[in-house]
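Just need the whole structure built from these sequences, with the hints factored in.
Number of protein chains: 2
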Amino acid sequence: MSRTVTRRGLLGTAAGAAGAAALPPSAGAKPAPRRRAPRRTDVVVVGAGLAGLRAALDVVAAGRSVVVLEARDRVGGRLLNHALGEGEVIEVGGQWVGPTQDVLLGLARELGVDTFPTYDQGSYLYAAGGRRERYSPTGPLGPVPPDLLGAPEAFLAIAQLDQMAATVPVEAPWKAPRAAEWDSQTFETWKLANAHTPGARLLLDLAIEAVWACEPRDVSLLHVLAYIRGAGPAGGGGSLNRLINTAGGAQEQRFVGGSQRIVLGLAERLGKRRVKLGSPVRRVVQRKGSVDVVCDTATWRARSVVVTAPPAVTASIDWEPWLPADRAQLLQRFPQGNAIKCQAVYDEPFWRADGLAGQVTSDADPVRITFDNSPPDGRPGVLLGFIEGHAARVWARRSAADRKAAVLRCFADFFGDRASRPKAYVEMDWSAERWTRGCYVGFTPPGVLLDFGEAIRRPHQRVHWAGAETATVWNGYMDGALRSGSRAAAEALGDLA
Amino acid sequence: MSRTVTRRGLLGTAAGAAGAAALPPSAGAKPAPRRRAPRRTDVVVVGAGLAGLRAALDVVAAGRSVVVLEARDRVGGRLLNHALGEGEVIEVGGQWVGPTQDVLLGLARELGVDTFPTYDQGSYLYAAGGRRERYSPTGPLGPVPPDLLGAPEAFLAIAQLDQMAATVPVEAPWKAPRAAEWDSQTFETWKLANAHTPGARLLLDLAIEAVWACEPRDVSLLHVLAYIRGAGPAGGGGSLNRLINTAGGAQEQRFVGGSQRIVLGLAERLGKRRVKLGSPVRRVVQRKGSVDVVCDTATWRARSVVVTAPPAVTASIDWEPWLPADRAQLLQRFPQGNAIKCQAVYDEPFWRADGLAGQVTSDADPVRITFDNSPPDGRPGVLLGFIEGHAARVWARRSAADRKAAVLRCFADFFGDRASRPKAYVEMDWSAERWTRGCYVGFTPPGVLLDFGEAIRRPHQRVHWAGAETATVWNGYMDGALRSGSRAAAEALGDLA
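Heads up: the protein sequence lines correspond to chains D and W, in order.
For the first sequence, the residue numbers in our numbering are 1 to 497.
For the second sequence, the residue numbers in our numbering are 1 to 497.
Keep in mind the hints are simulated off the structure, nothing from the lab.
Please read all numbers here as calculations on a predicted model, not as lab measurements.
Each hint can be trusted.
Computed spacing ranges between beta-carbons, pair by pair:
1. W/ASP114 - D/LYS175: 45 to 55 Å
2. D/ARG418 - W/LEU496: 46 to 56 Å
3. W/LEU156 - D/HIS196: 23 to 33 Å
4. D/ALA180 - W/ASP402: 18 to 28 Å
5. D/HIS196 - W/PRO233: 38 to 48 Å
6. W/PRO38 - D/ALA193: 55 to 65 Å
7. W/PRO233 - D/ARG397: 26 to 36 Å
8. D/ARG273 - W/TRP322: 25 to 35 Å
9. D/ALA400 - W/ALA62: 32 to 42 Å
10. D/ASP318 - W/ARG458: 19 to 29 Å
11. D/GLY130 - W/GLY142: 45 to 55 Å
12. W/ASP402 - D/ARG287: 25 to 35 Å
13. D/PRO177 - W/VAL394: 18 to 28 Å
Over 12 Å on every C-beta distance to chain D, these chain W residues come out as not near it, computed from the model:
14. LEU84
15. GLY87
16. GLU171
17. ALA172
18. ARG269
19. ALA353
Virtual Cβ for every residue (Gly too), placed ideally from N, Cα, C.
Printed below as a string of C-alpha cells:
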C-alpha cells in the first residue's frame with residue numbers, strides 16, 4: 001500500500017498522529033464572543049511544543065498557574081509520530097538526539113524514553129558527479145566521501161569554519177570581532193572563496209541544506225557560525241561535524257517509540273486541563289500589570305506570557321501595544337527553512353544485507369541525503385530521504401504523485417529497484433504547515449544579526465520569547481527548544497515576583 | 001518653536017496631517033459582531049494608498065462596485081503632508097517625481113497638481129573622510145563628488161551595474177542569464193570585489209542607503225539590478241543614476257502643495273462612501289465564487305479582492321484557505337527598509353545665499369544625505385536629512401531629543417551654526433508605523449527572487465497583489481504603485497467576467 005499523509009490527515013485525525021489523540025481538542029473552530037470576561041491565570045504559554053510545555057512545567061514547579069494555548073489540535077509542534085501499524089512508529093518531524101544535548105537526554109531519561117542508535121552499520125554511498133561509490137563511515141575522520149580532491153578541501157573548510165565559530169559569542173553573535181564582515185556575506189560567497197573543487201562545494205552545499213534546509217545563498221555566514229558555535233557544550237566546542245554527523249553527531253541516537261513520546265510525556269505531566277488545543281492566539285493586549293491573550297476559544301488574562309512559536313508565525317499576531325520597531329522588523333527577516341521529509345516503508349531493510357547503512361551523499365534531485373529510519377528491531381525497513389532548500393521549494397509545487405515518483409526513483413538509483421516498490425509512502429511538507437511555516441528552523445539572511453539580533457530574546461514588556469529559534473546552545477534543535485523554555489519561564493516568573 | 005511629530009500625532013490628529021481630515025474615520029476601534037450578515041460589493045481593495053485608490057477607480061470606471069478598507073484613520077499610505085502654517089506644507093513621506101515616471105506625471109496633470117523643480121542651484125557639499133568641499137552638480141556627468149580616486153571608480157561601478165541591469169527581465173528577474181550568481185550574493189560582496197577605494201565604497205553605500213534605506217549587506221545584488229532595470233521607460237534603459245540623481249533623476253521635481261494632494265485627489269474622485277477608514281483587515285475567507293473580508297468595522301463579501309499593503313504587513317492577515325506555501329514563505333523574506341525623515345524649518349533657506357544647493361554627500365552619523373526641501377517660494381527654508389539603514393535602526397532606539405540633537409549637529413556641520421537653531425523640527429520614523437513597517441520599500445535578501453520571486457504577483461485565488469513592492473517598472477516608487485494598482489484592478493475585473 002502506498003500512502004501519502006496530507007497535512008489535513010496528520011493534524012485532524014488520530015490515524016495520522018499516534019498518541020496525539022490523547023489530548024482531545026478543547027473546542028471547535030467557532031470564535032468565542034469577545035466580550036466574555038477573561039479567564040485568569042498567572043502565565044499564558046503560546047504553543048505546546050517542547051519549549052512551551054517545558055516553560056509551563058517550570059511555571060507549575062514554581063507554584064504558579066499556567067495555561068498553554070495551542071493553535072493545532074495536537075501538542076508537539078515540530079514533533080509528530082506516524083503510526084506504521086503493529087505498534088511501530090516513525091517520526092515525520094524532528095527525531096534525533098546526540099552528544100552534548102544534555103537537557104534533552106536528561107529529560108528523556110526522566111520520562112523513561114529510551115534511545116537507540118541510528119542505524120549506521122556498513123557502507124555509506126556517494127552518488128555524485130556521475131559516480132556511485134561506497135565508503136566507510138568509521139575511519140579516524142568519520143565518514144569521508146570518496147572524492148580525492150573535494151573531501152580534503154571540504155574538511156579543511158569545515159575546520160576553518162569551526163575555528164571562526166569559536167570566536168562567536170553564542171549569546172550575542174553580533175559582538176564577534178569579525179561580525180560585520182561575516183554578516184555582510186552569504187555562506188555561498190564564503191564557499192566560493194574558500195572551496196574550489198566541485199566536490200568540496202557539493203559537500204558544503206549538502207551540509208547547509210541538511211542543517212538549515214535552505215541554500216548557502218540564503219543564509220548569513222555569521223548565522224552559520226553562531227549555529228556551529230552552539231552545537232556543543234554550553235561552554236564552547238561546537239563544530240559543524242557535530243551538526244552533520246551520525247556517530248558522534250546530532251543524528252547519533254533516536255527515541256524508542258518516537259520523539260513525540262517526549263512531548264506527550266511533558267503534556268501528561270502538565271495535565272490536560274492546562275493545555276487548550278485548537279486555540280490559535282490572535283491578539284495580545286498588554287495593560288498595566290496584565291496581559292490579555294485572545295484566542296479562538298477564550299480570552300485569558302495573565303501577568304506574564306511566553307510565546308514559543310517561530311518568529312515568522314508570531315508575525316500574524318496582533319500586538320497591543322504594537323511591537324517595538326526592531327522586533328517588528330526582525331519578524332520580517334527571520335524566515336523558516338524548507339524541508340519535505342519523505343519515507344518509504346518496506347517489509348525489511350533490504351539494503352542492510354547488501355552491506356549498506358542506508359546513508360547517501362548525492363547531487364541527485366530531489367533527494368540528496370538519506371537515512372535508514374527503520375524501528376529498532378529493523379521491522380519494517382524504512383528509507384528516509386529529505387527534500388531540502390531549493391528542491392523543496394520547487395517540488396512543493398508539483399503534485400504529490402510526481403513527488404513520490406521522483407523520491408522513489410532516487411531511492412531506486414541508490415539502493416536498487418526493490419526500493420521503487422514500498423508498501424507505504426509517507427511525506428510531510430513542513431512549509432505548508434501554517435503553525436510552523438517551514439522547517440527545520442528559522443535562519444537569518446545577511447545583516448539581520450548585526451542590526452536586529454538584540455531583539456531576538458528581548459522581552460516585549462510582559463511577553464517573553466522562547467522556541468528553538470531563540471536558543472543559544474543547540475539553536476534549532478529539541479535540546480535548544482527545551483533550554484529556551486526554561487529561560488523564558490524564569491523570565492516570566494520574574495514578572496510575578 | 002521646535003516640534004517633533006510623533007506617530008500618534010500624525011495619524012490621530014488633523015494638525016499633523018494637512019488635508020487628511022477631509023475623510024473622517026468611518027467607525028471606532030471596537031470590533032463589530034462577527035455574525036452580522038456581510039455587506040456586498042464587487043471588489044474589496046485593502047489599503048487606501050496610491051495603489052489601492054488607483055485600483056478602486058479603475059474598478060469604478062469599469063462599472064463595478066468597490067470598497068476600499070484602510071487600517072489608518074487617513075488615506076495616503078506612505079504619502080503624508082505636514083502643515084508648516086500659513087498654507088505651506090512639507091511631506092514626511094514620499095515626495096519626488098522624475099523623468100519617465102509617466103503614469104504619476106500624467107495623473108498629476110489630470111488632477112491639476114503642478115510640479116516644481118527640487119532646489120538644485122549652487123554647489124553640493126562633500127563632507128567625508130575628514131574633508132569638506134563644494135562641488136558642482138552641473139558638469140557633463142552630473143554631480144561628481146570631489147574624490148579623485150573614489151568618484152571615477154564609483155562611476156565605473158555604476159556603469160557596470162547599469163549594463164548588468166540591462167540583462168535582467170523586469171517582469172522576472174529570476175530569469176536573468178546570471179540570476180543565480182547575482183542572487184547568491186549581497187550587494188556588499190559585489191561592492192567589495194568591484195570597488196576598492198574608500199571613496200567609491202562610500203558612494204556606493206550612500207546609493208544603496210538612499211534608494212532602499214537598507215545596507216549593502218542586507219540586499220541581494222539581483223534585487224538591486226532588477227530595481228535599476230525598472231528605473232526608466234517600460235521598454236528598458238533604467239539606470240542607477242536615474243534613481244539617485246536630482247536633475248534628470250527620481251528627485252528632480254516636487255508637487256506644489258505636497259504629494260499627498262495626488263492621493264487626496266484620487267480619494268475625492270472615488271468618493272468618501274467608498275473608503276472605510278479605521279478598518280484594518282484581520283481575516284480573508286475565500287469560498288466558491290466569493291471572498292469575505294473581515295475588518296474591525298464590518299465584514300465585506302466581494303467577488304474579488306486587491307491587497308496593496310507591503311508584503312510584510314500582509315503577513316498579519318489570517319487567510320482562509322491558508323496562503324500557498326511559497327507565498328507564505330515570501331512574506332517571511334520581503335523586509336521593509338528603515339528610514340527616518342528629519343526636517344528642520346528656518347525663516348529662510350540661508351544656505352542658498354552662501355551658494356549652496358542644500359545637498360550633502362557625507363559619511364557623517366546619523367545624517368549622510370540632505371536636501372533643500374523648502375516650499376516653491378523658499379519661505380520658510382527647510383533642510384531635509386535622512387537617517388537610513390543601519391543608522392535608522394540604531395537611532396530609532398535613542399530618545400527623540402537625542403536624535404534631534406544629532407541631526408541638528410550634522411546640519412550645523414554642513415551648513416553652519418545657524419542650522420542648529422530651527423524654528424521647527426519634524427521627524428517621521430516609518431519603521432514604527434505598524435501599517436507600513438518600514439520605508440522606503442520592501443527589498444529581497446539573497447536567494448529570495450530565485451526561489452520565491454514567482455509568488456510576488458501570482459494571485460491567491462481571487463486575491464490579487466498590488467502596491468509599490470509588486471511593481472515592475474518603478475518598483476518602490478509612486479509611479480510603480482499606480483501601475484501596480486491598475487494591473488491588479490484588471491486582474492480583479494477578470495474575476496467578475
